[in-house]
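Trainee: Residue numbers (the numbering used here), protein chains in the order written: chain S, 21 to 163; chain F, 21 to 163; chain U, 2 to 122; chain W, 2 to 122.
In short, the hints are calculated from the structure, not lab data.
Just to be clear, a hint being listed does not mean it is correct.
Which residues of chain S face chain U? A few of them, derived with a C-beta cut under 7 Å, are [stated by the list, open to error]:
#1 51
#2 55
#3 59
#4 114
#5 115
#6 117
#7 119
#8 123
#9 124
From the three backbone atoms N, C-alpha and C, an ideal C-beta is built for every residue, glycine too.
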Amino acid sequence: MASIERTFSLQVPSSTENLAMIREFVNGVGARAGMAAADVAKLELAVDEACANVIEHAYGPEVTKEVSVRATLDEDSVQIDIIDTGKGFDPTEIPQKNLEELAAERKSGGLGMRLMKKLMDEVHYEIIPGQKNELRMIKRLKK
Amino acid sequence: MASIERTFSLQVPSSTENLAMIREFVNGVGARAGMAAADVAKLELAVDEACANVIEHAYGPEVTKEVSVRATLDEDSVQIDIIDTGKGFDPTEIPQKNLEELAAERKSGGLGMRLMKKLMDEVHYEIIPGQKNELRMIKRLKK
Amino acid sequence: MATSFTVQRSTSGDITILALNGFLDAHTAPEFEKVIQEEFDAGRVRLIAECGELTYISSAGLGVFMSFIEDIRAAGGDLKICNLTPKVAQVFEILGFNSIFDMVPTVADAETCFAGPAREV
Amino acid sequence: MATSFTVQRSTSGDITILALNGFLDAHTAPEFEKVIQEEFDAGRVRLIAECGELTYISSAGLGVFMSFIEDIRAAGGDLKICNLTPKVAQVFEILGFNSIFDMVPTVADAETCFAGPAREV
Ligand SMILES: Nc1ncnc2c1ncn2[C@@H]1O[C@H](COP(=O)(O)OP(=O)(O)O)[C@@H](O)[C@H]1O
Ligand SMILES: Nc1ncnc2c1ncn2[C@@H]1O[C@H](COP(=O)(O)OP(=O)(O)O)[C@@H](O)[C@H]1O
Chain S
21 MASIERTFSL QVPSSTENLA MIREFVNGVG ARAGMAAADV AKLELAVDEA CANVIEHAYG
81 PEVTKEVSVR ATLDEDSVQI DIIDTGKGFD PTEIPQKNLE ELAAERKSGG LGMRLMKKLM
141 DEVHYEIIPG QKNELRMIKR LKK
Chain F
21 MASIERTFSL QVPSSTENLA MIREFVNGVG ARAGMAAADV AKLELAVDEA CANVIEHAYG
81 PEVTKEVSVR ATLDEDSVQI DIIDTGKGFD PTEIPQKNLE ELAAERKSGG LGMRLMKKLM
141 DEVHYEIIPG QKNELRMIKR LKK
Chain U
2 MATSFTVQRS TSGDITILAL NGFLDAHTAP EFEKVIQEEF DAGRVRLIAE CGELTYISSA
62 GLGVFMSFIE DIRAAGGDLK ICNLTPKVAQ VFEILGFNSI FDMVPTVADA ETCFAGPARE
122 V
Chain W
2 MATSFTVQRS TSGDITILAL NGFLDAHTAP EFEKVIQEEF DAGRVRLIAE CGELTYISSA
62 GLGVFMSFIE DIRAAGGDLK ICNLTPKVAQ VFEILGFNSI FDMVPTVADA ETCFAGPARE
122 V
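All chains should be modelled from the sequences, with the hints used to inform the complete structure.
Mentor: Shown next, in the form of structure tokens:
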């Protein structure tokens, strides 16, 4: 594998219908990075969660809005950047309830960010309200 | 299906290794457009041919260069735009030899543009030397 | 394309078996929610999710399980999960779903669970 | 990922059977070219391409067939194509390959072709 960085990008309309295409894209990226199937599956799920959040929370399902996923591969890692220009939010203010509490409240949500953090090695949000919201996730490659 | 246009885009490094990812992308687009499997297969092959030409003729295999595919869906058609910033060429000057001549000359190339024209409803090149080379192909949807 | 998700419903006495097939994500989770809601509304609260053909799940799918479990148990029933593939099982485990749900190998095992004492809510 | 392409080689007397599997595109065509070149260099010019497991072909793959056929025939051999799936067969047909190549259903049919008179070059 060349030591040079390689970048793969995908943009699709903001609709949950397109999550399947995003997952196929991530599967392709994982294969290009030479990742093991189990790690590709983790990457796939983390990106699905992040994009579902953009579609459902940042924009609402508006096909005029775009979900953008960029993957940067180098020798050591796969870096995923997901950018939206939606309403933004403060990740530190999202309450982290445990599973029993969520179930007791009949909640169906609140699991996505938790999954992303468990699946990836690094997860950072950079929110510039009204301008752009960027989520960067990194998965290190096992050598 | 909404009457609004939907746009899907993919950018990958200029390497034939990435043609498989491009094909998966096109398969996804075809599914989103509700195309029959036989038509998706035609779209897939036409885009593969066009991107292989960009990789092999416009850039050479340089992973620092990017192949960009954009698909625009509306009610009636799938439009594919493939842009490169490579050396460009004059499509009207490419000799169209028949199969027997190509075989007699031991040629392995010269079939790609022919296939694209047979598979798609419209194929146009817009070459602005030194700036950008754009190939637009259209496949009309059967209703 | 990997968008398809189906639920096939069958019954065994007062137990409803829901065989999930395909991709359960933010797009398809509402279909699963609807099926469970229908069972619940019909007073059928002994449910088994048979996941042998469930190839993918994201948090939206997990959320459907989570949001119904208390109501189902409060109504005297349960929702048991069986036959998870290793890939899907891993997602349930990462989130600690085994602390809330009975997850067993087969439909027969799940039926046996129902024959035993009710799980604490 | 749909990148894999393999060729499995077997022989039947002086005939070489090349069983193609997977995706034959601009990336994998050089592998196919290499295999045919090796047969040709070894003086083995009675070739059958068995395409039952060939799921995809683009012009780069077709070009390998086209670029070798005259040399192979000039050396007294042929390259017969058999067992194409409908999807792949359509690509051969669109380009009119049937005017140049013998395309038959089975390996046995291709072997029978070799037993008959040589095709005009
Ligand atoms: N891209 C985003 N834009 C705006 N809000 C977001 C975004 N991502 C997450 N959020 C907020 O964080 C909350 C928690 O997200 P998550 O853990 O994925 O659970 P869920 O999406 O199921 O609610 C969401 O309910 C939403 O309020
Ligand atoms: N994007 C492109 N940039 C530069 N030259 C191109 C491009 N596309 C096609 N060509 C030229 O047109 C010729 C014919 O292309 P094609 O019919 O696809 O056959 P092949 O690629 O197998 O040679 C190529 O050999 C090349 O010279």
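Trainee: Are the hints correct? Go through all of them and say.
Mentor: Structure-based check of each hint:
1. With a cut of 7 Å, the hint placing residue 51 of chain S at the interface with chain U is violated, because the nearest CB-to-CB distance is about 15 Å.
2. Interface hint at residue 55 of chain S: violated, since its Cβ lies 14 Å from the closest Cβ of chain U, which is beyond the 7 Å cut-off.
3. At a threshold of 7 Å, the smallest CB-CB gap from residue 59 of chain S to chain U is about 12 Å, leaving the interface hint violated.
4. Hint status for residue 114 of chain S relative to chain U: violated, with the closest Cβ pair at about 13 Å, above 7 Å.
5. Because the beta carbon of residue 115 of chain S sits about 15 Å from the nearest beta carbon in chain U, more than 7 Å, this interface hint is broken.
6. Of the supplied interface hints, the one on residue 117 of chain S is violated, with its beta-carbon coming no nearer than about 11 Å to a beta-carbon of chain U, more than 7 Å.
7. Against a cut-off of 7 Å between C-beta atoms, the interface hint on residue 119 of chain S holds, since the closest Cβ of chain U lies about 5 Å away.
8. Hint status for residue 123 of chain S: holds, given a least beta-carbon distance of 5 Å to chain U, under 7 Å.
9. Contact between residue 124 of chain S and chain U, as hinted, is supported at the beta carbon level, the nearest pair being about 6 Å apart and thus within 7 Å.
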